[in-house]
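Novice: Sequence:
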Amino acid sequence: QVTLRAGAELDARRVNQYTLTLRATCPGEDEVEERLFVQVTSGQVLRCDTPFSSAGGDVVQVLADVAPRTPLYAVLPQPLGGLTFRLRNHDTPLTLTRRGLVLAPDNGFDPSKDTQTFRLDIEVMDRHGHNCSGAVMVEVLPSRRPRVSFPEPHRSVTVTEGIGPWEVVTQVHASGENVRYAVLAPVAPTLFTIDEVTGEIRSTRRLEVARAQLLIQAYNALHPADHATAMVNITVQGTDRWAPRCVPAIFVSQVPETVSPGSTLVTLRCTDSTGTDECLHYALEGPPASRSHFCMEGPQLKVNTTLDYDSEAMATMGFQFTATIVVTVGEQPPRSTRVPVLVTVTPVNEFRPACPSSATFTVPETAAFGSVVGRVAGTDRDYPADSLEYSLEGESSPAQPFSIDSRTGEIRVVGPLDSQQQKNYSLVVRLTDTRNDLDLTKRHSRLCDVSVRLQAVPDQVPVCTPEVQELWITAGSPGSRQPVTRLACHGSPDGATLTYTIVGGNEDGCFRLEGNTVAYLPNDQVEPRTFVLLVEVWGSSGARRRSTVVALVVHVTPRSTPVPPSTTTQHMTLQKEPLVVTRTEVVWHPPAWFVAVLTISGTLLLATLGCMARSLLCRGSCLSSAPPTGTGTLASCSWARGGRRSPGTLSTLPCLSSTQGQFDGRAQDPRTGRDYLFNSVTGARRWI
1 QVTLRAGAEL
11 DARRVNQYTL
21 TLRATCPGED
31 EVEERLFVQV
41 TSGQVLRCDT
51 PFSSAGGDVV
61 QVLADVAPRT
71 PLYAVLPQPL
81 GGLTFRLRNH
91 DTPLTLTRRG
101 LVLAPDNGFD
111 PSKDTQTFRL
121 DIEVMDRHGH
131 NCSGAVMVEV
141 LPSRRPRVSF
151 PEPHRSVTVT
161 EGIGPWEVVT
171 QVHASGENVR
181 YAVLAPVAPT
191 LFTIDEVTGE
201 IRSTRRLEVA
211 RAQLLIQAYN
221 ALHPADHATA
231 MVNITVQGTD
241 RWAPRCVPAI
251 FVSQVPETVS
261 PGSTLVTLRC
271 TDSTGTDECL
281 HYALEGPPAS
291 RSHFCMEGPQ
301 LKVNTTLDYD
311 SEAMATMGFQ
321 FTATIVVTVG
331 EQPPRSTRVP
341 VLVTVTPVNE
351 FRPACPSSAT
361 FTVPETAAFG
371 SVVGRVAGTD
381 RDYPADSLEY
391 SLEGESSPAQ
401 PFSIDSRTGE
411 IRVVGPLDSQ
421 QQKNYSLVVR
431 LTDTRNDLDL
441 TKRHSRLCDV
451 SVRLQAVPDQ
461 VPVCTPEVQE
471 LWITAGSPGS
481 RQPVTRLACH
491 GSPDGATLTY
501 TIVGGNEDGC
511 FRLEGNTVAY
521 LPNDQVEPRT
531 FVLLVEVWGS
541 SGARRRSTVV
551 ALVVHVTPRS
561 TPVPPSTTTQ
571 HMTLQKEPLV
581 VTRTEVVWHP
591 PAWFVAVLTI
601 SGTLLLATLG
611 CMARSLLCRG
621 SCLSSAPPTG
631 TGTLASCSWA
641 RGGRRSPGTL
651 STLPCLSSTQ
661 GQFDGRAQDP
671 RTGRDYLFNS
681 VTGARRWI
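Position 299, counted from 1, in the sequence shown is what the UniProt record's numbering calls 299; the numbers after and before it change by one each time, with no gaps.
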């Protein structure tokens with residue numbers, strides 16, 4: 001019998017097989033030697049980790065002010081499911097959960113005691129009956145935080161009758177952390193209540209002559225066991241005189257942030273029971289922020305300092321100030337009236353938006369539609385900070401292929417870019433502030449210059465290997481799809497996506513491109529046929545592109561035609577010089593003003609040429625028709641210079657033809673109708 005030695009532990013991850021050599025002898029026989037192989041396999045064994053499983057157990061130290069049912073210790077021997085945790089000793093206020101968590105008592109520890117020690121003996125068992133056990137020592141240390149206490153355990157307050165509801169009568173204060181207040185007695189107070197945070201004791205109704213005794217408790221909100229009590233005696237005395245009466249009894253107003261210090265917000269009109277205001281005293285009570293921004297000068301509430309709406313402190317207060325004006329009559333006992341004040345500060349759009357210090361961006365000319373060029377980060381000191389709208393001066397056009405997001409200020413590409421036509425773009429961005437004034441129509445704007453520089457991207461012709469292929473395929477059944485070949489092409493080094501298209505040879509539409517794969521769509525043809533396909537490949541997306549054309553010679557054999565024994569697609573590369581077809585498309589879009597100027601100039605040129613031609617033709621015809629001196633064989637034209645015409649004007653007379661073939665010297669002025677007789681020798685004329 002082979003047994004495991006006591007105290008030995010097996011670990012399959014270290015040694016997974018042991019070889020034992022056994023020797024056996026019998027009297028009168030030879031010794032026999034054999035080997036025994038013991039294999040160790042991995043398995044789930046329940047073990048409790050140290051120091052939990054040690055004799056002394058694990059030690060945990062906690063403070064006495066720990067919250068009730070706070071997890072103090074976790075018993076996790078190993079991540080196995082189905083574990084059962086059992087507490088052997090029950091003489092402890094601590095709790096052990098089903099998941100092996102040790103929790104603080106339901107009511108917490110007693111902070112008044114010194115160091116306390118609790119021992120828990122815990123047994124852990126799995127679903128197979130394996131178990132392990134250990135112990136946990138919980139040491140409770142005294143709390144280091146200050147105890148809740150009242151500086152004045154007893155206090156007496158005297159007030160006069162006539163105090164209105166919800167007015168502050170007095171205030172109690174206790175030292176400690178996370179202090180809250182409550183009224184213990186009377187259980188249902190009828191005259192007074194206490195603010196659990198500030199400790200202010202307020203009236204619940206208009207006070208009359210009465211006497212009340214309140215038992216106030218102050219406690220730590222996180223540790224209710226830490227508490228203290230105080231007794232407050234309140235006496236309401238009667239009086240035959242009234243408290244001051246003020247108009248208005250409550251003041252609510254809105255003031256702009258630009259109101260100047262010293263401005264008067266309201267003037268109270270208060271009188272005492274005698275109807276005079278000579279013995280009245282005015283004081284302002286409230287939060288420190290309200291008392292620093294406002295002050296009282298007699299019955300006038302004035303602005304003490306600038307009300308900056310754009311500051312973080314103002315935003316923290318919600319842009320509102322609350323205060324109370326206390327009006328007191330200086331008699332004994334003094335009587336007072338409280339006027340609540342609520343002032344809301346409204347925004348004023350004071351500042352113009354500011355342009356960013358640097359607004360120069362660089363974008364590659366191959367940037368796709370919608371690509372982000374950059375962001376214009378404008379600023380505005382008005383609250384809310386940097387609340388701006390962005391817009392581009394001028395609409396998007398070929399001369400300005402950019403747009404801007406009105407909310408974020410991001411400039412995006414919305415048109416083609418070409419660094420050879422234009423390398424730099426100067427944009428004008430308008431910054432307009434929003435929601436910075438109570439009047440939404442009061443807005444400021446500023447124009448910012450933004451420069452966009454195009455980064456030239458070298459064009460590279462895609463390279464395909466091979467550039468000419470000859471293929472043989474056998475047509476399949478109609479309606480099917482047969483892959484023919486896959487084009488192996490690469491473009492620019494940045495790995496831009498290539499575009500493929502069939503530009504020739506696909507007359508019947510029997511071939512289709514799916515990416516870089518050429519597929520054949522069989523039809524009902526019965527004769528072998530050869531197709532010469534031209535596939536254009538390009539990779540540039542700009543205004544110009546450079547492409548490569550791949551030639552594919554595809555021999556298609558119908559199914560009914562005998563085919564060679566091999567039915568696989570045959571590829572043959574023709575040994576010939578590489579064929580590179582480069583096509584450059586240049587498109588020029590002239591601006592509108594250039595077309596208009598060219599049209600007007602052409603029209604004026606044609607009109608000038610027409611006038612010159614007419615003038616030359618008219619002069620040539622008249623010179624050619626004038627007869628020689630002393631002869632009149634042809635029709636003659638005469639010009640008369642009228643004595644009464646303005647200087648420099650000529651009157652053209654109609655050409656007269658003589659019946660005898662000679663000019664008789666007679667002519668008529670077409671304007672005045674007067675007849676003239678010319679002397680052909682002297683050239684003199686006289687009128688008839």
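Check each hint, because a few of them may be wrong.
[As the list claims (entries may be wrong)] Just the calculated beta-carbon pair ranges, DEER-fashion: (1) N424 - E395: 54 to 64 Å; (2) E297 - A249: 17 to 27 Å; (3) E161 - G318: 31 to 41 Å; (4) E161 - A188: 14 to 24 Å; (5) T229 - T70: 23 to 33 Å; (6) R375 - Q422: 19 to 29 Å; (7) L604 - D386: 16 to 26 Å; (8) S263 - T70: 51 to 61 Å; (9) V62 - R147: 36 to 46 Å; (10) L604 - D439: 35 to 45 Å; (11) V414 - T517: 44 to 54 Å.
The set of hints was computed from the structure by calculation and includes no laboratory data.
A quick note: this is a predicted structure, and the numbers were derived from the prediction, not measured.
C-beta: ideal position from N, C-alpha, C; glycine also.
Novice: Given the hint of 17 to 27 Å, is the C-beta distance from E297 to A249 inside that range or not?
Specialist: holds, 20 Å
Novice: Could you see if the CB distance from V62 to R147 stays within 36 to 46 Å?
Specialist: violated, 18 Å
Novice: For T229 and T70, compare the CB-CB distance with the range 23 to 33 Å and indicate the outcome.
Specialist: Since the Cβ atoms of T229 and T70 sit about 27 Å apart, the hinted range of 23 to 33 Å holds.
Novice: Holds or violated: the 44 to 54 Å window for the beta-carbon distance between V414 and T517?
Specialist: violated, 33 Å
Novice: Kindly confirm whether 35 to 45 Å is satisfied by the beta carbon distance between L604 and D439.
Specialist: Because 55 Å falls outside the window, the suggested range is violated.
Novice: Looking only at beta-carbon atoms, does the pair E161, G318 fall within the given range of 31 to 41 Å?
Specialist: holds, 36 Å
Novice: Between the beta carbons of N424 and E395, is the distance compatible with 54 to 64 Å?
Specialist: violated, 20 Å
Novice: Per the hint of 16 to 26 Å, is the separation of the Cβ atoms of L604 and D386 within bounds?
Specialist: Since L604 and D386 have Cβ atoms about 55 Å apart, the given range 16 to 26 Å is violated.
Novice: Looking only at beta-carbon atoms, does the pair S263, T70 fall within the given range of 51 to 61 Å?
Specialist: Since S263 and T70 have Cβ atoms about 56 Å apart, the given range 51 to 61 Å holds.
Novice: Could you tell me whether the CB distance from E161 to A188 stays inside 14 to 24 Å?
Specialist: holds, 22 Å
Novice: Within 19 to 29 Å: is that where the Cβ-Cβ distance between R375 and Q422 falls?
Specialist: Between R375 and Q422, where Cβ atoms are some 22 Å apart, the hint holds.
Comparing the model with each numbered hint stated earlier shows that hints 1, 7, 9, 10 and 11 do not hold.
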